[in-house]
Amino acid sequence: MGGLQSLFQGMTLGSVISMVLDLCIVTALFYYVFMLMQGTRAVQLIKGLLVLVAAVALSGWLQLDVLGWLLSQLWSVIILALAVIFQPEIRRALEQIGRSRLYIRPFEGASADMQPVYDAVVKAAVEESKHNVGMLVVLEREIGLNNYVETGIRMDCLVSEQTLINIFVHNTPLHDGAAIIRGNRILAAACFLPLSDNPNLSMSFGTRHRSGIGLTEVSDALVVIVSEETGAISVAVEGQIYVNLDEQALRRHIEQHFAVVNSGAKQVQARFRLKRERGGKDA
Numbered sequence: 001m002g003g004l005q006s007l008f009q010g011m012t013l014g015s016v017i018s019m020v021l022d023l024c025i026v027t028a029l030f031y032y033v034f035m036l037m038q039g040t041r042a043v044q045l046i047k048g049l050l051v052l053v054a055a056v057a058l059s060g061w062l063q064l065d066v067l068g069w070l071l072s073q074l075w076s077v078i079i080l081a082l083a084v085i086f087q088p089e090i091r092r093a094l095e096q097i098g099r100s101r102l103y104i105r106p107f108e109g110a111s112a113d114m115q116p117v118y119d120a121v122v123k124a125a126v127e128e129s130k131h132n133v134g135m136l137v138v139l140e141r142e143i144g145l146n147n148y149v150e151t152g153i154r155m156d157c158l159v160s161e162q163t164l165i166n167i168f169v170h171n172t173p174l175h176d177g178a179a180i181i182r183g184n185r186i187l188a189a190a191c192f193l194p195l196s197d198n199p200n201l202s203m204s205f206g207t208r209h210r211s212g213i214g215l216t217e218v219s220d221a222l223v224v225i226v227s228e229e230t231g232a233i234s235v236a237v238e239g240q241i242y243v244n245l246d247e248q249a250l251r252r253h254i255e256q257h258f259a260v261v262n263s264g265a266k267q268v269q270a271r272f273r274l275k276r277e278r279g280g281k282d283a
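Numbering (the UniProt record's numbering) for the sequence shown: 1 to 283.
Derived by calculation from the structure, the hints in this document are not laboratory data. C-beta atoms are modelled at their ideal positions from N, C-alpha and C, and glycine is treated no differently.
Beta-carbon label-pair distances, calculated as ranges:
#1 THR230 / VAL20: 50 to 58 Å
#2 LEU67 / SER204: 44 to 52 Å
#3 PRO116 / VAL169: 19 to 27 Å
#4 LEU201 / ALA54: 27 to 35 Å
#5 PRO173 / LEU70: 55 to 63 Å
#6 PRO194 / TRP69: 40 to 48 Å
#7 GLN87 / LEU201: 16 to 24 Å
#8 SER204 / PHE30: 31 to 39 Å
#9 LEU52 / ASN132: 46 to 54 Å
Given only the sequences and the hints, what does the whole structure look like? Please build it.
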């Protein structure tokens with residue numbers, strides 16, 4: 001007790017607030033870094049670094065001078081090697097930090113006249129699902145996707161259910177690849193997307209699902225995926241995939257992430273449903 005009194009003796013209210021704020025920031029920083037590393041190779045990296053730190057401490061405690069000198073010389077090489085080996089993870093983390101928001105905006109991301117676009121995507125996905133036709137549709141949000149648009153075939157046409165269905169007809173030039181939508185227009189089809197390198201993804205996911213997830217790992221886009229093998233509808237967003245969705249669940253995902261929900265009560269309800277689906281169906 002006396003130790004605590006001596007620790008806080010002479011501290012002003014301002015210094016106490018500063019110390020608490022400092023601890024909160026550091027705790028939040030460690031938590032954020034931990035969340036970024038989840039599901040990546042960085043978890044194994046941390047384990048390896050802990051072993052190395054333990055070896056350095058042990059060599060100092062046992063006075064193993066040669067081993068301690070060797071390990072100390074390796075630090076600069078290890079840091080350089082980590083920057084090269086984990087370049088994708090570092091890039092992804094910086095991109096996530098860059099697109100993170102310091103506050104939650106009200107539902108102003110989509111206007112009412114965008115509702116027909118989302119209706120067309122939902123109806124097309126449901127129709128393709130009935131016939132086991134593969135489908136990969138990207139809905140652009142704030143981060144531009146021009147570099148992926150350039151890999152496909154330019155279309156620049158209005159979004160409609162029938163147009164989306166026609167794009168993914170079997171054995172046509174536009175069938176393979178993704179259709180990218182910006183606003184109420186389909187910019188391009190047959191676009192190439194980056195594959196996810198997440199080692200925790202289910203082995204049942206093919207190229208279509210992995211490319212959909214991969215794009216959401218490096219952008220804030222929402223991707224609607226229909227499996228060609230099973231007809232199952234999935235949504236990929238923020239590096240996560242939600243599988244086996246019906247029409248209502250698909251619509252909820254789009255409403256949640258594109259701010260189509262109007263009332264605060266519906267917003268809370270939509271968030272609760274998404275969390276429940278993620279907990280039960282996340283792959």
